[in-house]
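S.K.: Here is what each chain is made of, one letter per residue.
There are 2 protein chains.
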Amino acid sequence: MRIVIALGGNALLPKGAKGTAEGQLVAAKSAISRLESLLKKDQVVLTHGNGPQVGNLLIQQQATSEVAPMPLDVLDAMTQGQIGYFIASAVSMTGLHSATLITRVVVDPEDAAFKNPSKPIGPFYAEPPIAQNPQPGTRYSMDAGRGYRLFVASPEPLKIREHDAISVLLDNGFVVIAVGGGGIPISAHGGGLEAVIDKDRATSLLASEINADLLVFVTSVDAAYLDFGKTSQKALRALSAKDAAGHVAAGHFAEGSMKPKVEAALRFLQGGGKRVVICAIEEIEAALSGQAGTTISP
Amino acid sequence: MRIVIALGGNALLPKGAKGTAEGQLVAAKSAISRLESLLKKDQVVLTHGNGPQVGNLLIQQQATSEVAPMPLDVLDAMTQGQIGYFIASAVSMTGLHSATLITRVVVDPEDAAFKNPSKPIGPFYAEPPIAQNPQPGTRYSMDAGRGYRLFVASPEPLKIREHDAISVLLDNGFVVIAVGGGGIPISAHGGGLEAVIDKDRATSLLASEINADLLVFVTSVDAAYLDFGKTSQKALRALSAKDAAGHVAAGHFAEGSMKPKVEAALRFLQGGGKRVVICAIEEIEAALSGQAGTTISP
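Chains as they are written, first to last, in numbering that gives the first Met the number 0: chain V, 0 to 297; chain P, 0 to 297.
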């Protein structure tokens with residue numbers, strides 16, 4: 000079976016963790032230990048987020064003018080190297096061979112997202128740092144009342160440039176680590192773009208492109224819920240794509256959290272995908288046999 | 000033909016260049032344009048240095064205590080992502096498909112190099128920054144009278160962990176970008192080490208491990224010279240391994256420059272390699288036909 004697993008930020012950098020190399024490596028080893036039996040019997044691609052790590056690089060870049068700052072596409076490439084190395088180190092503990100691929104994702108430079116930068120990244124500021132001119136297509140805005148942040152475009156991923164290399168590596172027995180941070184946004188001509196691609200959407204696109212049998216979103220909650228956070232909350236164990244779409248329309252899933260995962264799940268199923276599982280990493284085995292998490296089917 | 004090409008620092012970050020993303024990309028495109036016909040007819044792995052880029056990350060890390068600094072193994076992984084992405088972008092201009100692999104290289108944690116850190120990296124300081132405790136196995140020392148620098152261990156590379164993935168990708172038609180900065184130093188158990196592996200040695204090891212037909216060192220000078228820099232200097236066009244070893248012993252090649260390349264060339268030939276070429280990137284085609292550069296044969 001060919002499986003694509005998106006590791007959420009919490010699985011690789013637990014809340015409250017300092018983001019040291021050691022802390023990230025411990026988290027990666029913990030996550031991979033939960034996946035070991037899957038990795039040993041299936042073809043697996045692991046994707047991952049990079050929000051806190053890019054935020055840290057932005058802070059370091061702003062701390063000195065001695066070094067030329069890198070744009071977002073390059074920062075994504077750097078965090079793919081960083082986090083990919085931690086995951087690869089963890090996979091090595093299982094005795095399996097891995098391949099960490101720097102992954103580019105084609106987007107449309109005319110995507111409407113570039114006119115409405117909606118994805119907040121990096122540190123919070125008490126005042127918008129006017130002195131630092133944001134790049135075209137980015138802006139500083141108040142984020143959730145907690146301070147000003149840089150908002151960047153989150154365009155639609157159209158094609159995973161390295162999907163063919165990923166397939167070849169899977170067919171040859173490697174655990175593949177790819178599409179980190181949603182992938183490096185590039186135009187069809189190959190030029191880098193100042194944007195951040197949603198990790199769940201990019202992971203779903205990859206799963207479609209390499210004909211994965213199963214797409215798994217590892218999250219910090221144990222399942223998708225109706226009325227999440229209310230006393231009436233109810234975990235969804237198994238549901239159809241149609242029902243999932245209805246729950247999205249009814250506003251049951253939080254923006255920037257469960258909603259993008261369910262939407263990405265629906266895209267994969269619409270494109271011919273057969274099964275999506277949303278679960279906590281501790282329960283992934285049970286979730287794959289339908290005993291935990293949320294399973295969405297066509 | 001299977002070829003491993005080590006791109007020297009100068010080919011990817013010309014002297015005096017600022018190290019901006021744009022500058023690095025322009026340099027990468029210029030380098031790749033010289034290699035296009037080779038890339039199109041042969042199996043090619045491209046390796047590269049990362050000295051200035053790691054130096055920049057060290058400066059940024061030291062500029063703020065707000066973010067946990069990363070150790071050298073992680074910084075190497077990050078620069079593999081950064082520089083690999085620039086090279087991949089350049090390769091895309093040719094229409095070829097590439098794969099940039101985060102590459103780990105096994106070294107011996109008991110390597111004598113850890114007791115005598117000899118590789119200077121990062122910025123120059125007027126005084127050793129005592130406040131910043133260097134990691135075990137590193138120290139601040141005067142470098143060539145220009146200031147204090149961090150000296151780190153440069154252990155012998157023993158095994159390219161990702162050599163199997165590299166071979167698979169080559170066999171499937173990908174231009175492979177790997178072993179950046181000499182590779183991420185790890186122990187046989189997989190733990191990262193505070194060290195920098197010599198890029199030329201690691202490239203030579205890779206060439207042996209994947210049975211390359213040809214190993215090319217792209218340098219800022221056009222060939223290996225006897226009496227380099229003296230009025231008596233004489234370019235070496237073609238020579239045997241035995242003659243090359245004699246010239247090394249006679250002190251003809253500069254430490255940290257031509258000497259490690261010739262030594263790495265000799266290792267590849269001793270391990271069964273058939274041909275090594277040392278040349279400037281502008282002359283690579285002529286050098287491969289023996290009309291320029293230096294060719295060393297068994």
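Among the hints, a few may not be true.
Which copy? The list can't say, so a pair holds if one copy fits it or any two copies do.
Subject to a maximum C-alpha distance of 30 Å in a straight line, what follows is the list of computed DSS-like cross-link-like pairs (lysine-lysine) [as the list claims (entries may be wrong)]:
hint : residue 1 : residue 2
1    : LYS258    : LYS273
2    : LYS40     : LYS158
3    : LYS229    : LYS39
4    : LYS158    : LYS229
5    : LYS114    : LYS40
6    : LYS258    : LYS118
7    : LYS229    : LYS114
8    : LYS118    : LYS39
9    : LYS158    : LYS39
10   : LYS241    : LYS118
11   : LYS39     : LYS241
12   : LYS39     : LYS114
13   : LYS158    : LYS233
14   : LYS233    : LYS39
15   : LYS118    : LYS40
16   : LYS233    : LYS114
Please keep in mind that the hints were generated in silico from the structure rather than gathered at the bench.
S.K.: Determine for every hint whether it applies to the structure shown.
M.R.: Hints and how they fare:
no.	hint	in the structure
1	LYS258 <-> LYS273	within (20 Å within a copy, 58 Å between copies)
2	LYS40 <-> LYS158	both (28 Å within a copy, 27 Å between copies)
3	LYS229 <-> LYS39	neither (39 Å within a copy, 60 Å between copies)
4	LYS158 <-> LYS229	neither (38 Å within a copy, 55 Å between copies)
5	LYS114 <-> LYS40	neither (45 Å within a copy, 43 Å between copies)
6	LYS258 <-> LYS118	within (15 Å within a copy, 50 Å between copies)
7	LYS229 <-> LYS114	neither (35 Å within a copy, 60 Å between copies)
8	LYS118 <-> LYS39	neither (36 Å within a copy, 40 Å between copies)
9	LYS158 <-> LYS39	both (28 Å within a copy, 24 Å between copies)
10	LYS241 <-> LYS118	within (28 Å within a copy, 61 Å between copies)
11	LYS39 <-> LYS241	neither (33 Å within a copy, 48 Å between copies)
12	LYS39 <-> LYS114	neither (45 Å within a copy, 39 Å between copies)
13	LYS158 <-> LYS233	neither (36 Å within a copy, 52 Å between copies)
14	LYS233 <-> LYS39	neither (34 Å within a copy, 57 Å between copies)
15	LYS118 <-> LYS40	neither (37 Å within a copy, 43 Å between copies)
16	LYS233 <-> LYS114	neither (37 Å within a copy, 60 Å between copies)
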